[in-house]
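Line by line, the protein sequences give chains A and B.
With the working numbering applied, the first sequence covers 27 to 245.
With the working numbering applied, the second sequence covers 27 to 245.
In short, the hints are calculated from the structure, not lab data.
Glycine included, C-beta positions come from ideal geometry on N, C-alpha and C.
Just so you know, not all the hints are guaranteed correct.
Unchecked claim - What the simulated footprint calls covered on chain B by chain A, stretch by stretch (three residues with Cβ under 8 Å from a Cβ of chain A suffice, anywhere in the stretch; the number is not a length):
hint, segment
1, 109-120
2, 126-132
3, 195-208
4, 214-222
Unchecked claim - A few chain A positions that, by computed beta-carbon distances, are all more than 12 Å from chain B:
hint, residue
5, 49
6, 51
7, 64
8, 65
9, 74
10, 151
11, 176
12, 195
13, 198
14, 210
15, 218
16, 241
Protein chains: 2
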Amino acid sequence: MRVGIVGGTGKLGSGLALRWTRAGHTIAIGSRDGGKARAHAAELAKSGCAAEGGDNAWAAREGEVVVLTVPYEAHGQTVRAIAEAVAGKVLVDVTVPLKPPKVSRVQLPAGQAAALETQALVGASTPVIAALHHVSATHLADLARGIECDVLVAGDDARAKALTLGLVRDLGARALDAGPLVNAIALESLTPVLIHLNRTYKSHGAGVVFTDLPGADQS
Amino acid sequence: MRVGIVGGTGKLGSGLALRWTRAGHTIAIGSRDGGKARAHAAELAKSGCAAEGGDNAWAAREGEVVVLTVPYEAHGQTVRAIAEAVAGKVLVDVTVPLKPPKVSRVQLPAGQAAALETQALVGASTPVIAALHHVSATHLADLARGIECDVLVAGDDARAKALTLGLVRDLGARALDAGPLVNAIALESLTPVLIHLNRTYKSHGAGVVFTDLPGADQS
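Just chain A, same shape as in the assembly (with noise of 0.2 Å):
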């Protein structure tokens, strides 16, 4: 499958591509600057990685899926240059609502989640997903390392959901159905907490682990 990732020029992109990869996926790096998103694919494709890069317009265009992990205060204006791009599409929103320079606080935002503010924006003909809010970055980057964090991912769309559940999985994740959309209110809102925690307990990527789900995969 051909994954877009719109503002996939940061850390997260990164080990979101290099694993994608490996599980046989393509990938489309989208970053404000389509020049920046180019010259970090290039890079990428030195490790192997499928990637190319262009403006976030163009990724979200060249996605079947399209990843959203863009800053909270860049959220707004990014979903609005690549709704029509999306259109229809699935749209995974990766963004937690964080007001630096108080990020270990759960600061709301006016539409109570990122992701039902995105879907607002994008409109009902196209299914947002909220997932990926909590594995830490630097874990995802290191392929030679399991990923000790599950993966909550919320949805209202059944096809979007299941799609974004088998993503979740391809990166080597366990992935847990964690309800509607609106239930994007507790995921977002659990990484201020789990920067906290890193912070308190001195790690640099402390995750998050469901227990006793007799039903579900063991990852």
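Using the hints provided, position chain B relative to the given structure of chain A.
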């Protein structure tokens, strides 16, 4: 220490009372119906539990620390009923703002979190701590069983938080500092997700554990 448990006649209250007795604490169990709480405490006492019962205001007066475990629909009314009795004490709020029948979807209350609403009602001189939202009441009441769930503890008052972290460890659980009280939004909203996981993956007590925290005690 003497612990008051307001709304303590449910399964969660029983589990807390049994485990805190084992750690050397004594328990004042409260209920809106004082007679019901006295009968419940008498029943627990047969299992060696150091519990007495009375109405909620009595339990709040008796406790050096007071734990609030009521359904959200009774939350505001109960906090008002005990506000005078808890003045200046540590108030641990376990309330999750579930609104039946849709208990597996996040439904934020007007004040964003029950614990924030509690703090607003009792005033700044009574420190409110949010904790214990995720431990399965069934697991808690089974003393032979370890607790496969970390307990996140959020609050703004350092002394109150330290006291609560200690009480959680006395239950036999790992206690983690989850940051300021506003992070109760994340803690409370994770519970509907756990309910969704229970239903989807056929569990009666999904828990949550945080990984890669080198500075935290492994309990």
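So, going through the hints one by one against the coordinates:
Residues of the segment 109-120 of chain B with a Cβ under 8 Å from some Cβ of chain A number 0, which does not satisfy the need for three, so the listed coverage is violated. Counting residues of the segment 126-132 of chain B whose CB lies closer than 8 Å to any CB of chain A gives 3, so the stated coverage by that chain holds, three being the minimum. Counting residues of the segment 195-208 of chain B whose beta carbon lies closer than 8 Å to any beta carbon of chain A gives 6, which meets the minimum of three for the stated coverage. With a threshold of 8 Å between beta carbons, the proposed coverage of the segment 214-222 of chain B by chain A holds, since 6 of its residues qualify and at least three are required.
No Cβ of chain B approaches the Cβ of residue 49 of chain A within 12 Å, the least distance being about 23 Å, so the stated non-interface status holds. The Cβ of residue 51 of chain A lies farther than 12 Å from every Cβ of chain B, with a closest approach of about 26 Å, so its non-interface assignment holds. In this structure residue 64 of chain A is separated from chain B by more than 12 Å, as the shortest Cβ-Cβ distance comes to about 34 Å. The beta carbon of residue 65 of chain A is kept farther than 12 Å from every beta carbon of chain B, the shortest such distance being approximately 32 Å.
A cut-off of 12 Å between C-beta atoms confirms that residue 74 of chain A is not in contact with chain B; the least separation is 27 Å. The Cβ of residue 151 of chain A lies farther than 12 Å from every Cβ of chain B, with a closest approach of about 22 Å, so its non-interface assignment holds. Its beta-carbon lying about 9 Å from the closest one in chain B, residue 176 of chain A breaks the requirement of being farther than 12 Å from that chain. No Cβ of chain B comes within 12 Å of the Cβ of residue 195 of chain A; the nearest lies about 15 Å off, and the non-interface call holds.
Residue 198 of chain A, annotated as away from the interface, keeps every beta carbon of chain B farther than 12 Å; the closest lies near 15 Å. At the 12 Å boundary, the C-beta of residue 210 of chain A falls inside the reach of chain B, the nearest C-beta of that chain being 8 Å off. Its beta-carbon lying about 6 Å from the closest one in chain B, residue 218 of chain A breaks the requirement of being farther than 12 Å from that chain. Listed as outside the interface, residue 241 of chain A is inconsistent with that label: its C-beta sits roughly 4 Å from the nearest C-beta of chain B, within the 12 Å cut-off.
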